[in-house]
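Chemist: Given next are the chains, with one letter for each unit.
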Amino acid sequence: MATKSVVDQDVGVIGIFKHLDTVCSAIERVRERDDFRGHEVFSPTSYHEIEHACGFGASPVRFFTLIGALTGMCSGFALALATDWDWPLIVGGKTPGLPSIPAYVVIGFECTILFGAIATILGMLVMGRIPNPKRRVLDTRLTDDRFAIYVPGARLDSPQAQLLRECGADEVRAT
Amino acid sequence: MTTPMWTKTISDVNEEILVNLEKPHPAFYAVFGLALSLFLAGIVFVALHTTFGLGLWQFAPPLYWAVDITNFVFWVGIGHAGTLISAILFLFRAKWRNTVNRSAEAMTIFAVMCAAIFPLIHMGRMWLGAYWAMPFPNTNNLWVNFRSPLVWDVFAISTYFTVSLLFWYMGLVPDLASIRDRTKGIKRLVYGFMSFGWRGTAKQWWHYEAGYGFLAALATPLVLSVHSVVSWDFAMSLQPGWHTTIFPPYFVAGAILSGCAMVYNLLIPVRFMFRLEKFILPEHLDACLKLTLLTSTIVFYAYGVEFFVAWYSGNPYEWAIFEKRAIGPYSFYFWTMVFCNCIFPLAWWSKKVRASIPISFVICLLVNVGMWFERYNIIVSSLVEDFLPSAWGHFEPGLWEIVITLGSFGMFFVFFFIFCKFFPIISLSEIKLIMPKPLSGKKAHGGSHHGH
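Heads up: the protein sequence lines correspond to chains A and B, in order.
In terms of this note's numbering, the first sequence opens at residue 224 and continues consecutively.
In terms of this note's numbering, the second sequence opens at residue 5 and continues consecutively.
Extracted from the complex, chain A is given alone in its bound form (with noise of 0.2 Å):
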């Protein structure tokens, strides 16, 4: 797995792959090596065999999820008693306030919904870093059909594309 981003440019070396089991037995490769930190691995869709490979557990996203569920919840219920309290409205002799928590189940799972969704999409970005004007896109052809490892801050002489080299790169070139 990637660990923290040492070099933060988009400089460095890029090894395009054009097979998924030689990306990801390269994967394996690299996390072994103390020189590739900060690497990064590009894939046009999410194969689950990379996931693997890059040792990924499961996702920060989740607590993202579960925070905005509950946020919405709460605000859901609260929305309903809170105004129940400012002005009690009593339609066809019921009673406002906590007895009507049945009918405010309603507002307060569709808030649940709506919270823990945009906290989710909120989480995806966070976590993926995105947006970034900074960075910049290293190959057109990442977002196609090409797999891709990244080294920041290595040349194209160093040990690193060597290793690429072998693991089967189709073509390793600076960025």
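Certain hints may be false.
In the DSSO-like style, the derived pairs of lysine-lysine whose C-alpha atoms are separated by at most 30 Å in a straight line are [said to hold, decoys possible]:
{"id": "1", "chain 1": "B", "residue 1": "Lys188", "chain 2": "B", "residue 2": "Lys12"}
{"id": "2", "chain 1": "A", "residue 1": "Lys357", "chain 2": "B", "residue 2": "Lys207"}
{"id": "3", "chain 1": "B", "residue 1": "Lys282", "chain 2": "B", "residue 2": "Lys355"}
{"id": "4", "chain 1": "B", "residue 1": "Lys441", "chain 2": "B", "residue 2": "Lys294"}
{"id": "5", "chain 1": "B", "residue 1": "Lys328", "chain 2": "A", "residue 2": "Lys241"}
{"id": "6", "chain 1": "B", "residue 1": "Lys27", "chain 2": "B", "residue 2": "Lys12"}
{"id": "7", "chain 1": "A", "residue 1": "Lys241", "chain 2": "B", "residue 2": "Lys355"}
{"id": "8", "chain 1": "B", "residue 1": "Lys294", "chain 2": "B", "residue 2": "Lys27"}
{"id": "9", "chain 1": "A", "residue 1": "Lys357", "chain 2": "B", "residue 2": "Lys188"}
{"id": "10", "chain 1": "B", "residue 1": "Lys355", "chain 2": "B", "residue 2": "Lys99"}
{"id": "11", "chain 1": "B", "residue 1": "Lys99", "chain 2": "A", "residue 2": "Lys241"}
{"id": "12", "chain 1": "B", "residue 1": "Lys282", "chain 2": "B", "residue 2": "Lys12"}
{"id": "13", "chain 1": "B", "residue 1": "Lys441", "chain 2": "B", "residue 2": "Lys207"}
{"id": "14", "chain 1": "A", "residue 1": "Lys241", "chain 2": "B", "residue 2": "Lys356"}
{"id": "15", "chain 1": "B", "residue 1": "Lys282", "chain 2": "B", "residue 2": "Lys425"}
{"id": "16", "chain 1": "B", "residue 1": "Lys294", "chain 2": "B", "residue 2": "Lys425"}
{"id": "17", "chain 1": "B", "residue 1": "Lys294", "chain 2": "B", "residue 2": "Lys12"}
{"id": "18", "chain 1": "B", "residue 1": "Lys441", "chain 2": "A", "residue 2": "Lys241"}
{"id": "19", "chain 1": "A", "residue 1": "Lys357", "chain 2": "B", "residue 2": "Lys12"}
{"id": "20", "chain 1": "B", "residue 1": "Lys294", "chain 2": "A", "residue 2": "Lys241"}
{"id": "21", "chain 1": "B", "residue 1": "Lys282", "chain 2": "B", "residue 2": "Lys328"}
{"id": "22", "chain 1": "B", "residue 1": "Lys27", "chain 2": "B", "residue 2": "Lys207"}
{"id": "23", "chain 1": "B", "residue 1": "Lys191", "chain 2": "B", "residue 2": "Lys282"}
{"id": "24", "chain 1": "B", "residue 1": "Lys99", "chain 2": "B", "residue 2": "Lys294"}
{"id": "25", "chain 1": "B", "residue 1": "Lys99", "chain 2": "B", "residue 2": "Lys356"}
{"id": "26", "chain 1": "B", "residue 1": "Lys328", "chain 2": "B", "residue 2": "Lys188"}
{"id": "27", "chain 1": "B", "residue 1": "Lys294", "chain 2": "A", "residue 2": "Lys357"}
{"id": "28", "chain 1": "B", "residue 1": "Lys207", "chain 2": "B", "residue 2": "Lys12"}
Treat the hints as calculated values from the structure; they're not laboratory data.
None of the values given here were measured: they were computed from a predicted structure.
Got chain A; can you put chain B on it based on the hints?
Modeler: Leaving out everything else, chain B in the frame of chain A:
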């Protein structure tokens, strides 16, 4: 489902699906022109109707909810298939969804937009209607009644719209990045901005996948709840024909039926116009029809149970409404509904009929007609005779109702075709997941594939 026969690889995906951003098929302009003219006619009629008032519509008390609320329920129903396909089928790992989810989600967004307009049109002064519907206190500091199903409905529909929009846009982000990487100049800037600068790193995909799963888990109860809440607009009243506990599941099944039929009706022209036959395979269309058939049989069952309960309850008022629906002045609407929603779809038990695109297309159109009639039938035949026999009457839709309804179809198709022109119609990143993986063939790679 058997393994589909892919003739394409993931390297063909971006190249061949994004042809829709180039010059479209001439049929595109013809359909778009037709939709635009209907939309404009609808705008003119709504403008006149807003200027001169609700009196232009044919209805009279007690029938306040006629074609406008019929359209509202119809469009919300259409919207259901999108989230069902994107969320529930995602959790079930149904792979065929990956080819159709994008257009189905777009359909949801536009259908809910069409739906949201109708309560506003219905309230006459729509600027006030929008204000009253929101949970704000009025000048006397009086709040909306949170025990009213109409307020629940506002919450349900607005949550549904927002969550569907987020879900749809989240799926679009990596695809917009794909377009960004294929274009230059101002287009590249616009798509780059819209894609939030997505880079496609493994870490981003990891969080994206997790987020997508959670959104699906949140949207799943939402799909089932939204039409339940819509049905409570009716079921919470004491009106005979409305006041039944079967309404929530019955409405949800009907919504999914009409939504799936609409997905098929949209996919066929889109598949033809943008030459997507190699990506939307016959197996995927077949799966969509099977889902439509399943929901059709649930709806069939619900119609039967509704009648049985009306008779078995021994409530003469309830039974009178059902009698009126089946053999009274609304029998045309009732039997059209039964044949279109329950009888014609039975043809799909035959594999040959499912494989025939023209026949299935026509049946799907009929299902949509039938579902519109179902809502009309429920709303009008119940409401036209309420508790004051002196106010009873008969209702048939007139010019205003028909033009505004067609206008909403125009609006829906205008938005849908604009979407088809500027966005990827098939989710690029998700279809790559169900296609054969790009393996070197040197050695078998471990690790199972979970689908997306």
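Chemist: Could you run down the list of hints and mark each one as holding or not?
Modeler: We went through each hint and held it up to the structure:
no., hint, in the structure
1, Lys188/B / Lys12/B, "holds (26 Å)"
2, Lys357/A / Lys207/B, "holds (18 Å)"
3, Lys282/B / Lys355/B, "holds (21 Å)"
4, Lys441/B / Lys294/B, "holds (27 Å)"
5, Lys328/B / Lys241/A, "violated (67 Å)"
6, Lys27/B / Lys12/B, "holds (22 Å)"
7, Lys241/A / Lys355/B, "violated (40 Å)"
8, Lys294/B / Lys27/B, "violated (34 Å)"
9, Lys357/A / Lys188/B, "holds (19 Å)"
10, Lys355/B / Lys99/B, "holds (20 Å)"
11, Lys99/B / Lys241/A, "holds (24 Å)"
12, Lys282/B / Lys12/B, "holds (7 Å)"
13, Lys441/B / Lys207/B, "holds (20 Å)"
14, Lys241/A / Lys356/B, "violated (41 Å)"
15, Lys282/B / Lys425/B, "holds (19 Å)"
16, Lys294/B / Lys425/B, "holds (29 Å)"
17, Lys294/B / Lys12/B, "holds (25 Å)"
18, Lys441/B / Lys241/A, "holds (11 Å)"
19, Lys357/A / Lys12/B, "violated (36 Å)"
20, Lys294/B / Lys241/A, "violated (37 Å)"
21, Lys282/B / Lys328/B, "violated (50 Å)"
22, Lys27/B / Lys207/B, "violated (36 Å)"
23, Lys191/B / Lys282/B, "holds (27 Å)"
24, Lys99/B / Lys294/B, "holds (14 Å)"
25, Lys99/B / Lys356/B, "holds (22 Å)"
26, Lys328/B / Lys188/B, "violated (64 Å)"
27, Lys294/B / Lys357/A, "violated (48 Å)"
28, Lys207/B / Lys12/B, "holds (28 Å)"
Checked against the numbered hints given earlier, the structure breaks hints 5, 7, 8, 14, 19, 20, 21, 22, 26 and 27 and satisfies all the rest.
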